[in-house]
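Here the protein sequences line up with chains A, B and C, keeping their order.
Per the numbering used here, the very first residue in the first sequence carries number 1; after that it's consecutive.
Per the numbering used here, the very first residue in the second sequence carries number 1; after that it's consecutive.
Per the numbering used here, the very first residue in the third sequence carries number 1; after that it's consecutive.
Hints are computed from structural coordinates only; laboratory data are not their basis.
Be a bit skeptical, because a hint or two may be false.
To be verified - Heads up, simulated SDA-like pairs for lysine to any residue below, C-alpha to C-alpha not over 25 Å straight-line: (1) C/K25 <-> C/A93; (2) A/K8 <-> A/G27; (3) B/K331 <-> B/V295; (4) C/K59 <-> C/G38; (5) C/K23 <-> A/L21; (6) C/K25 <-> A/V47; (7) B/K75 <-> C/G38; (8) B/K108 <-> A/L64; (9) C/K23 <-> A/L64; (10) A/K59 <-> B/I89; (11) B/K328 <-> B/K75; (12) B/K108 <-> C/D62; (13) A/K8 <-> A/L64; (14) C/K71 <-> B/I316; (15) C/K101 <-> C/P52; (16) C/K66 <-> B/S141; (17) B/K77 <-> B/G173; (18) C/K59 <-> B/Q138; (19) C/K59 <-> B/S141; (20) C/K7 <-> A/D2; (21) C/K71 <-> C/P52; (22) C/K101 <-> A/F55; (23) C/K59 <-> C/T48; (24) B/K75 <-> B/R42; (25) C/K66 <-> B/R42; (26) B/K217 <-> C/K7; (27) B/K328 <-> C/K23; (28) C/K107 <-> C/G127; (29) B/K77 <-> B/S96.
These are the residues of each chain, in order.
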Amino acid sequence: MDVDFIFKIAAIGIIVTVLNLVLVRSGREEQALLTTLAGLVVVLLMVVNAVADLFSSVKSLFGL
Amino acid sequence: MKKIIVFIVLMFIFAIPVSAQEGFLKESDSEKLTEALPQDAREYMEENEIGALTGDWAKNLSFSSVINDIWEILKSKVTNPFATMSLMIGVVLLSSSLTAIGNSTSSKTTEFAVTAVSAVLIATPIFNVVNSACEIMQTASVFMTAFVPVFATVVVANGQAVTGTSMGALLLGATQVVELVGTHLVIPLMCGYLSVSIASSVSPILSKTALSESIKKLSFWIMSFFTTIFLGILSIQTVINASADSLSIKTAKFVIGASVPLAGTVLAEALTTVTASLGILKTTVAIYGVIACVVIFLPLLIELVLWRICLNVTSIVSGVLSVSNISKLVKSVDMAISVLCGIILLSMALFVISLTVVVSVSKV
Amino acid sequence: MITEFWKIMGICIIGAVLTLVLKQKSSEYAFAVVVVTGVIILFFAIKTVAEPINLLFEKLSDSGVKTEYFKIALKAVGIAYITDFIADASRDAGQTSIASKAELAGKAAIFLLSVPVLMSVLETAIGFIK
Numbered sequence: 001m002d003v004d005f006i007f008k009i010a011a012i013g014i015i016v017t018v019l020n021l022v023l024v025r026s027g028r029e030e031q032a033l034l035t036t037l038a039g040l041v042v043v044l045l046m047v048v049n050a051v052a053d054l055f056s057s058v059k060s061l062f063g064l
Numbered sequence: 001m002k003k004i005i006v007f008i009v010l011m012f013i014f015a016i017p018v019s020a021q022e023g024f025l026k027e028s029d030s031e032k033l034t035e036a037l038p039q040d041a042r043e044y045m046e047e048n049e050i051g052a053l054t055g056d057w058a059k060n061l062s063f064s065s066v067i068n069d070i071w072e073i074l075k076s077k078v079t080n081p082f083a084t085m086s087l088m089i090g091v092v093l094l095s096s097s098l099t100a101i102g103n104s105t106s107s108k109t110t111e112f113a114v115t116a117v118s119a120v121l122i123a124t125p126i127f128n129v130v131n132s133a134c135e136i137m138q139t140a141s142v143f144m145t146a147f148v149p150v151f152a153t154v155v156v157a158n159g160q161a162v163t164g165t166s167m168g169a170l171l172l173g174a175t176q177v178v179e180l181v182g183t184h185l186v187i188p189l190m191c192g193y194l195s196v197s198i199a200s201s202v203s204p205i206l207s208k209t210a211l212s213e214s215i216k217k218l219s220f221w222i223m224s225f226f227t228t229i230f231l232g233i234l235s236i237q238t239v240i241n242a243s244a245d246s247l248s249i250k251t252a253k254f255v256i257g258a259s260v261p262l263a264g265t266v267l268a269e270a271l272t273t274v275t276a277s278l279g280i281l282k283t284t285v286a287i288y289g290v291i292a293c294v295v296i297f298l299p300l301l302i303e304l305v306l307w308r309i310c311l312n313v314t315s316i317v318s319g320v321l322s323v324s325n326i327s328k329l330v331k332s333v334d335m336a337i338s339v340l341c342g343i344i345l346l347s348m349a350l351f352v353i354s355l356t357v358v359v360s361v362s363k364v
Numbered sequence: 001m002i003t004e005f006w007k008i009m010g011i012c013i014i015g016a017v018l019t020l021v022l023k024q025k026s027s028e029y030a031f032a033v034v035v036v037t038g039v040i041i042l043f044f045a046i047k048t049v050a051e052p053i054n055l056l057f058e059k060l061s062d063s064g065v066k067t068e069y070f071k072i073a074l075k076a077v078g079i080a081y082i083t084d085f086i087a088d089a090s091r092d093a094g095q096t097s098i099a100s101k102a103e104l105a106g107k108a109a110i111f112l113l114s115v116p117v118l119m120s121v122l123e124t125a126i127g128f129i130k
């Protein structure tokens, strides 16, 4: 769990946004939507993992 | 609070110069006295060969041995309060860590849960302490009741006038009344106070101030009323006050008046009399009574003082970390304990004074 | 712990700036950044708070003190941390109603935990009167 994690998510966000812009400009709107969705799924998976880590550490530390 | 212990030690020191006046006490009477003692006190007395018949044991009673005994009692009583204190401080830390992360609603709920936990943590051991205090007070009053007739026979055997014994009996009776009021009226009231403050710590609806404050005031009023009556009887007999050393007594008076609530002022007034009394009390039986009284009450008193120290530390910690719920709870428990201390000190002082009055009247 | 504190402060600033950058074009990613930043900070906070308390707890249970009620307090605080985190995250995503539901669920869990404690509070309070 480090600052890299935040950078990773932000980087994915920026890349997907740029891709989205390029795809929309070149007229491939369906593919643009698909990339956004795929990026979101990847980011969400990462976030869920991070939150799960937090939960398990809270569980062990507070004896839940 | 350490001053209270000093006060007890003072009682011991003053009690040491005993000139034996044996021969007036029958063996059967002495047995009766020993039987009236509670189990622990009797064992202690037998171990140290303290008996009502002879005054030989007084020569073996040294300052260091008394301090040693007090230290032993201290060591045996220290674990419970300190364990509770550390648990409470842990809970306070938890609670304060929570208020630090924000004032959201869930943190308020948790504060409530944490306060409930602290209430349980503190109430269970305090409940045991109060129970044992009640038991000890009752056995002590049994002892005192047994002591009166024996003491009266000794005084009569000294060949004194009937008026003297009747006056002394009046005072001993008054002591009994004060003690009875203490055990059967004030301690139950304080138990009510404790239960209300514990219940109100977990209930935000139940306002503590109105109900428990009035209970507190009522118990204070009852106790001071009866002690005032006692002092009224006592003030007729100002003879005893003559031999008191003024300066050291005045400081001790101030300390006791400030540190013991409820009985504080009355005790401070009576202190002159108590110290003077102990100087006058030189009959073996009377000294036996004083020592027995101290042996009965001292462990309890030390335990209560330890509790007060721990409670005060906890309330300081919770006050500093601004966990007001727990701090309020701890303060009210401390109040009840200090009232208990006051009642015990008062009954000790009254017992000593009334013994002296019997002796001094018989000597006039 | 103190060097870690400086790190955390830095992470806060980085998270805030990245959120600002992402917010205009794609707010979902901004939200993900916010959540992850929150997770990292909370990790630090929980470690600093819980480790010394756990140490105290172990010492006490080694010395034979009854620590069951203390455990309950610890659990309640853990639940409160998580509930606050989740509620704040949903509030950041603009869903106040979900946030308040999360808080309600947290309160219910804490209440469930404290029921046995409340029972014994009542019992001792009644015991004093008897």
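Hint check results:
no. : hint              : verdict
1   : C/K25 <-> C/A93   : 15 Å, holds
2   : A/K8 <-> A/G27    : 28 Å, violated
3   : B/K331 <-> B/V295 : 29 Å, violated
4   : C/K59 <-> C/G38   : 31 Å, violated
5   : C/K23 <-> A/L21   : 15 Å, holds
6   : C/K25 <-> A/V47   : 20 Å, holds
7   : B/K75 <-> C/G38   : 49 Å, violated
8   : B/K108 <-> A/L64  : 19 Å, holds
9   : C/K23 <-> A/L64   : 36 Å, violated
10  : A/K59 <-> B/I89   : 22 Å, holds
11  : B/K328 <-> B/K75  : 29 Å, violated
12  : B/K108 <-> C/D62  : 31 Å, violated
13  : A/K8 <-> A/L64    : 31 Å, violated
14  : C/K71 <-> B/I316  : 23 Å, holds
15  : C/K101 <-> C/P52  : 32 Å, violated
16  : C/K66 <-> B/S141  : 35 Å, violated
17  : B/K77 <-> B/G173  : 33 Å, violated
18  : C/K59 <-> B/Q138  : 38 Å, violated
19  : C/K59 <-> B/S141  : 42 Å, violated
20  : C/K7 <-> A/D2     : 9 Å, holds
21  : C/K71 <-> C/P52   : 14 Å, holds
22  : C/K101 <-> A/F55  : 19 Å, holds
23  : C/K59 <-> C/T48   : 18 Å, holds
24  : B/K75 <-> B/R42   : 20 Å, holds
25  : C/K66 <-> B/R42   : 33 Å, violated
26  : B/K217 <-> C/K7   : 56 Å, violated
27  : B/K328 <-> C/K23  : 47 Å, violated
28  : C/K107 <-> C/G127 : 29 Å, violated
29  : B/K77 <-> B/S96   : 30 Å, violated
Against the hints set out earlier in the document, violations occur for numbers 2, 3, 4, 7, 9, 11, 12, 13, 15, 16, 17, 18, 19, 25, 26, 27, 28 and 29.
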